[in-house]
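Construct all of the structure, not just a fragment, from the sequences and the given hints.
2 protein chains.
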Amino acid sequence: MVLACPLAVIGVVHTDRVSPENTPVQAALNRAESGTIVIHPPYDEGLAGLEGFDYAWLLSWLHDPAGPGVPPPMKQVPFLLRPQQREVGIFATRGPRRVNPIGLSLIELQEISGPEIRFAGVDLIDGTPVIDLKPYVSRFDRPEAEPRCGWFDEITFTSGATPADLGRN
Amino acid sequence: MVLACPLAVIGVVHTDRVSPENTPVQAALNRAESGTIVIHPPYDEGLAGLEGFDYAWLLSWLHDPAGPGVPPPMKQVPFLLRPQQREVGIFATRGPRRVNPIGLSLIELQEISGPEIRFAGVDLIDGTPVIDLKPYVSRFDRPEAEPRCGWFDEITFTSGATPADLGRN
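Respectively, the protein sequence lines represent chains E and B.
Heads up: the first sequence begins at 72 in my numbering, then just goes up one per residue.
Heads up: the second sequence begins at 72 in my numbering, then just goes up one per residue.
These are calculated hints, taken from the structure and not from any lab test.
Watch out, some of these pointers could steer you wrong.
Intra- or inter-copy, both count: the list cannot distinguish identical chains.
To be verified - Derived EDC-like pairs (lysine to aspartate or glutamate); straight-line CA-CA distance at most 16 Å:
hint : residue 1 : residue 2
1    : K146      : E158
2    : K146      : E116
3    : K146      : D197
4    : K146      : D115
5    : K146      : E122
6    : K146      : E182
7    : K146      : E225
In structure tokens form, the structure reads like this:
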């Protein structure tokens with residue numbers, strides 16, 4: 072089943088990254104790098120109050136390297152498991168080849184000036200469309216105890232790692 | 072600008088809630104209540120490995136009480152600010168009336184059995200379409216320090232609160 076729900080682009084992400092293979096895999100692993108978001112009018116009026124938050128969820132429409140209309144495999148080797156060449160189910164990964172390629176990045180808000188947001192934590196290529204922004208709320212978004220995180224608990228990885236650093240697909 | 076990107080429905084949420092006004096506002100505030108997700112074939116194969124995680128992000132297509140095609144106001148009174156009748160920008164709220172009504176719920180995974188997931192933390196009405204599932208990964212999803220959370224830091228709220236509990240719109 073397909074939803075008849077065209078998504079409005081509320082803004083665009085600007086970063087120094089142009090190739091997905093050379094873009095760090097997660098915002099939290101690349102806080103040293105900043106980017107900007109420009110929110111298109113009239114949506115920029117919806118930013119009022121966001122300046123009181125340190126973090127936000129950036130929902131974006133991800134670039135699909137396979138091109139539109141090519142369905143993703145239900146089991147994939149995530150970037151961080153490339154060294155092991157280990158496959159897991161698509162819903163146990165955070166990778167960009169998804170049924171609906173919606174990205175979820177936890178960005179650190181640095182400055183909001185008019186329609187422009189400067190943020191730390193780049194994991195998106197330049198030009199990525201923004202489809203939503205939501206404030207990070209500790210009481211909603213933080214599990215109570217220390218949760219199990221599946222295969223992520225079994226591996227080590229370093230900040231700033233890109234897919235290209237992690238080996239061939 | 073509108074993206075020509077029809078969303079595939081990967082599954083459906085089943086809960087005991089039928090009216091948005093009587094549904095708790097956030098999953099984390101209603102862990103005492105469980106629901107189920109049924110993932111449609113062939114997407115159920117993508118669940119492999121998710122059983123190793125305690126939490127997941129449930130991305131859903133929210134019911135819009137105003138109906139499709141009615142643009143949301145850029146400033147709104149969030150459910151939790153109804154007592155104060157205070158407006159904030161739409162991107163500083165977690166409410167369901169969004170430009171793109173994509174819900175982000177942090178669910179606690181209780182049991183995965185074939186295509187069916189039992190979870191704790193109900194903030195969705197029965198029949199809500201699922202558009203993505205992503206594992207919760209502490210190293211990606213948890214800010215390093217204690218972040219400022221804007222207007223949420225200024226108010227008190229209780230578990231299980233529904234919009235109807237919080238006053239008239």
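Under the constraints set out in the numbered hints, which ones does this structure not fulfil? 3, 6, 7
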